[in-house]
Each structure stands twice: as C-alpha cells, then as structure tokens.
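*Asks:* Build the full structure now, drawing on both the sequences and the hints.
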Amino acid sequence: LSLSALTAYRALFTKGRLKCGEHVLIPGIGGGVATFAMLFAKAIGAKVSVTSRVENKRELAKKYGADISFHSAGNWEESLQGEKVDLIIDSIGPATFLKYFDVLKPNGRIVNFGASSGDKIELPLRALFYNQIDIMGTSMGSREEFNEMIKFIEKHQIKP
524 LSLSALTAYR ALFTKGRLKC GEHVLIPGIG GGVATFAMLF AKAIGAKVSV
574 TSRVENKREL AKKYGADISF HSAGNWEESL QGEKVDLIID SIGPATFLKY
624 FDVLKPNGRI VNFGASSGDK IELPLRALFY NQIDIMGTSM GSREEFNEMI
674 KFIEKHQIKP
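Counting in our numbering, the sequence shown runs from 524 upward without gaps.
There is no bait here: all hints are sound.
Pair ranges (Cβ atoms, derived):
1. P617 x D657: 17 to 25 Å
2. G605 x S525: 35 to 43 Å
3. K586 x P617: 24 to 32 Å
4. Y653 x E578: 34 to 42 Å
5. L646 x E578: 25 to 33 Å
6. R576 x D657: 25 to 33 Å
7. N630 x E677: 29 to 37 Å
Read the hints as simulated data drawn from the structure, not as lab findings. For each residue, glycine too, the CB sits at the ideal point set by N, CA and C.
*Replies:* Structure below.
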C-alpha cells in the first residue's frame with residue numbers, strides 16, 4: 524500500500540484534484556498504481572477510462588469497474604466516443620503523451636508518475652496554452668497523505 528496505493532492517491536487527489544462526476548483516463552492499466560487509481564476514482568464516483576495493449580488487462584479493468592477500456596494503439600477519440608476527459612494519470616510518457624491533448628477538456632490536468640516508454644516527450648505548446656492544460660509530476664506521498672489514504676480505503680471498503 525505504501526508505494527503503489529499512495530502514489531495513486533496522491534496523483535488523483537492531491538495533484539490531480541479529481542472530483543465526483545469527473546472523467547479520468549488511466550493509460551497502461553494493469554500495474555499496481557494504475558489499478559489503485561482506477562479503484563480510488565470509482566470509489567468517489569468518477570468515470571474511469573483505461574487503456575492497455577493487453578486484452579486480458581482491459582477485461583480485468585472492466586471487471587473491477589472501468590467504464591471504458593480500449594487498446595492503447597487504437598483511436599482514442601473514437602474509443603471515448605468523442606467525450607473529453609478531465610484528468611489523465613500518466614505512467615507511460617512519450618509513446619502516448621501527444622494523444623493526451625486530443626482527449627483532454629479545456630483546463631484538463633495531466634499527472635505523470637512514470638516514464639515506461641522513455642524520458643523525452645514532445646509538447647504541443649499551442650494545445651497546452653490555448654486549452655489551459657496543467658501538467659504535473661508526482662511520486663509517492665507524505666505521511667499525512669498516507670493517513671488520509673488509509674481512512675479513504677476503510678471508508679470505501681477498497682480491497683487491495
């Protein structure tokens with residue numbers, strides 16, 4: 524819990540400011556942080572979309588509550604049925620980063636906690652500033668956030 528769950532909690536709530544009714548996209552579902560992020564987001568009433576290259580991971584995500592699950596290499600706008608998202612929790616980096624600007628709402632947020640496809644990204648500056656996008660980095664969290672997370676897990680009866 525202290526690594527993956529806390530990283531997810533901080534990315535969603537401290538950095539990402541996710542609220543009930545918002546739509547979060549989690550590319551690369553299947554790992555611990557992404558899975559906790561999905562569970563936590565569903566617990567507060569957010570809509571959750573996930574991507575993966577692996578069909579079994581997409582199916583498992585649907586079983587555990589993902590609203591939309593699609594192949595990472597597919598057409599994201601089509602897979603989201605034209606709906607834009609409020610928040611993207613990113614652990615992938617350059618392989619998917621440019622796609623984020625096609626599916627984020629104005630004033631959308633990107634929170635990054637990893638770089639599984641590399642360190643260097645391209646940044647479409649006009650899409651960034653015209654749409655007022657926030658990009659933040661994060662890692663684990665504080666002792667205070669850990670205590671908040673434990674209360675959150677108990678309140679929402681989340682089973683790791």
